[in-house]
Amino acid sequence: MVQGKIRVLVGKPGLDGHDRGAKVIARALRDGGMEVVYSGLHQTPEQIVETAIQEDVDVIGLSILSGSHMTVFPRVKELLKAQNAEDIIVIGGGTLPEEDIKELIEGGYATALFTPGTPTDDIIQWIKDRIIQ
Amino acid sequence: MYRGRLWTMRQFAGFATAEESNQRYKFLLSQGQTGLSVAFDMPTIMGYDSDHPRAYGEVGRVGVAIDSLQDMETLFKDIPLDKVSTSMTTNAPAAVIWAMYIVAAEKQGVPAYKLTGTIQNDILKEYIAQKSWIFPPEPSLRLITDIFAYARDYVPKWNTISISGYHIRETGATALQELAFTLADGFAYVEAGIKAGLNVDDFAPRLSFFFNAHNDFFEEIAKYRAARRIWARHMKEKYGAQKEESLLMRFHTQTAGCSLTAQQPENNIIRTAYQAMAAVLGGTQSLHTNSMDEVLALPTEKAVQIALRTQQILAYETGVVNTIDPLAGSYFVEALTNQMEEGAEEYFQKIEEHGGVLAAINQNFFQKEIADAAYRYQKEIETKTRIIVGVNEFQVQENIEIDLLKIDPEIERSQVQRVKELRASRDNLLVNNTLAALKESALGTDNLMPKIIDAVKAYATVGEIIGTLKEVFGEYREQSVF
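From first to last, the protein sequence lines are chains A and B. The first sequence begins at 1 in the numbering used here and counts up one residue at a time. The second sequence begins at 1001 in the numbering used here and counts up one residue at a time.
Honestly, the hints are just simulated from the structure, not real lab data. Keep in mind that the hints are not guaranteed to be accurate.
Derived DSSO-like pairs: lysine-lysine, alpha-carbon spacing no greater than 27 Å straight-line [to be verified]:
no.	chain 1	residue 1	chain 2	residue 2
1	B	K1384	A	K128
2	B	K1026	B	K1083
3	B	K1368	A	K5
4	A	K102	B	K1439
5	B	K1026	A	K102
6	A	K5	B	K1439
7	B	K1083	B	K1384
8	B	K1107	B	K1406
9	B	K1457	B	K1439
10	B	K1439	B	K1195
11	B	K1379	A	K128
12	B	K1195	B	K1077
13	B	K1368	B	K1107
Every beta carbon over 12 Å from chain A, so not counted as near; a handful from chain B, in silico [to be verified]:
no.	residue
14	T1008
15	D1082
16	E1244
17	I1306
18	R1309
19	F1365
20	I1370
21	A1371
22	N1392
23	L1404
24	G1444
25	V1481
Residues from chain B that keep clear of chain A, each with C-beta distances beyond 12 Å, as calculated [said to hold, decoys possible]:
no.	residue
26	E1058
27	H1167
28	K1238
29	E1294
30	Y1316
31	G1319
32	Y1375
33	R1423
34	E1478
The beta carbon of each residue, even a glycine, is placed where N, CA and C say it ideally should be.
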């Protein structure tokens, strides 16, 4: 059980600038009652993990549309482990093919992945269910 | 107009290595496509070489990896550059990529004055929407006006910029915002050219535009019609253009990627067909139709072929090509066109009140307007005030069975290897000298194109040339709002 508001870092790793989804989600989570930090663009996994720890977030949500998800998610997990911050839940969204989603979830690199068309309320509910148990 | 000449059917393509993209281009040309359109990978777009740490995992993913002239020569191997026109989606490093194209053509024996094509080269919409910037606005505008001047003297048939509303729309803008912000950017470039000492009629005829074709059929047509009217009027009355060609708005259109759905992806063929028809009825000069699977991954050959066939059916079977501006005089389309025009003028006023386009970017004016519109759009879908077939109505339980194009991770390793070998085999003294000369020019006010071309000829890489310019120009940082 988390005291106070749920804290989420919306992270935008990689070199691309497709931040529409990240911003819509950030705003929806904020409207859904969470404290939201948006990393801004062009972040490395190192920068994202550093921000997540500094901001003491409960959840990292990664938005990836550049096809680099198979390298970014494992890297973020690895860095969290190295920092003893594995309690931070990693979720994500973007252009993610079905079989990659399966591999990332089964490999434990992400707890949940949301594809285009997912209602923002579903994501809010998922986070709340997961954190406030 | 289409009776004399059809629009150019130009499908955006590029992935993996130069060699594989070269094969895809030859396939597209063999299928009747009439122009090429090159997609670059993110490291190339951001000015990093494939072996830079920031490129890790992104080489060849969303487009082709180009590190040096060597890759550019491979990209266009056996494609006659005096016969094919090429559009290149490159912005922040446009001057470098264009220089590579010019030199690759020269090596084929094609002189620069024969080259036709377009570089996107629109940095303002990067700050506003697509966010692939490198340098701060001022030096970026200098590079752009250097390109205008160089093209006027040496590459006169080249479209020096493609002032783009497409990405503004994809980021969530409304049709009106797309229209207004794009034209405002266009006028900012005209003003920058004039300020750099160019005669408006010497560069305005080579300016081109790029719009989105979204779902609202008549609104889209009205947008294109209003764009032509506004451009011609401002160019004549405000900027004093004398030449007829300076008043003409020529534009490329791409159907809306953001309108495609991951659910029931075959439906995207239908969406794209309607959007393509709006673009054609709106008088586009060139068109890209999206493939049904692009919301899931890079398109497969089959999906790309259907997308191209969509255009060919439109051109050869439907008869829509037989009349210019066929909806002129329709009370509805005319009224919508007037509304669009008035709405755009109101936005120009607001931008003026912020102190112009650059000042409005610094104050996050555009970014905030677009983020608000994107959020509104999402909420409309979630509350079902906007119906998206297969997403919030008419859903089915489905296993999506579409073959997806996979990029082999081996490609990154081989591209990294290639750039390393290049660095070991070229004349590094010459590379260093050309880069030093470029740096010196960047510190002054000379046109930078000749120095960039010298560095390209010496096989300096994209990362090295951009890195040299960064030392002088610095890098842009944004304050994001959501």
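Hint check:
no., hint, result
1, K1384/B / K128/A, "holds (24 Å)"
2, K1026/B / K1083/B, "holds (13 Å)"
3, K1368/B / K5/A, "holds (26 Å)"
4, K102/A / K1439/B, "violated (49 Å)"
5, K1026/B / K102/A, "violated (35 Å)"
6, K5/A / K1439/B, "violated (51 Å)"
7, K1083/B / K1384/B, "violated (49 Å)"
8, K1107/B / K1406/B, "violated (33 Å)"
9, K1457/B / K1439/B, "holds (16 Å)"
10, K1439/B / K1195/B, "holds (23 Å)"
11, K1379/B / K128/A, "holds (20 Å)"
12, K1195/B / K1077/B, "violated (39 Å)"
13, K1368/B / K1107/B, "violated (46 Å)"
14, T1008, "holds (26 Å)"
15, D1082, "holds (34 Å)"
16, E1244, "holds (37 Å)"
17, I1306, "holds (20 Å)"
18, R1309, "holds (24 Å)"
19, F1365, "holds (16 Å)"
20, I1370, "violated (8 Å)"
21, A1371, "violated (5 Å)"
22, N1392, "violated (8 Å)"
23, L1404, "violated (5 Å)"
24, G1444, "holds (30 Å)"
25, V1481, "violated (8 Å)"
26, E1058, "violated (5 Å)"
27, H1167, "violated (9 Å)"
28, K1238, "holds (31 Å)"
29, E1294, "violated (9 Å)"
30, Y1316, "holds (33 Å)"
31, G1319, "holds (35 Å)"
32, Y1375, "violated (5 Å)"
33, R1423, "holds (22 Å)"
34, E1478, "violated (7 Å)"
The earlier numbered hints that this structure contradicts are 4, 5, 6, 7, 8, 12, 13, 20, 21, 22, 23, 25, 26, 27, 29, 32, 34.
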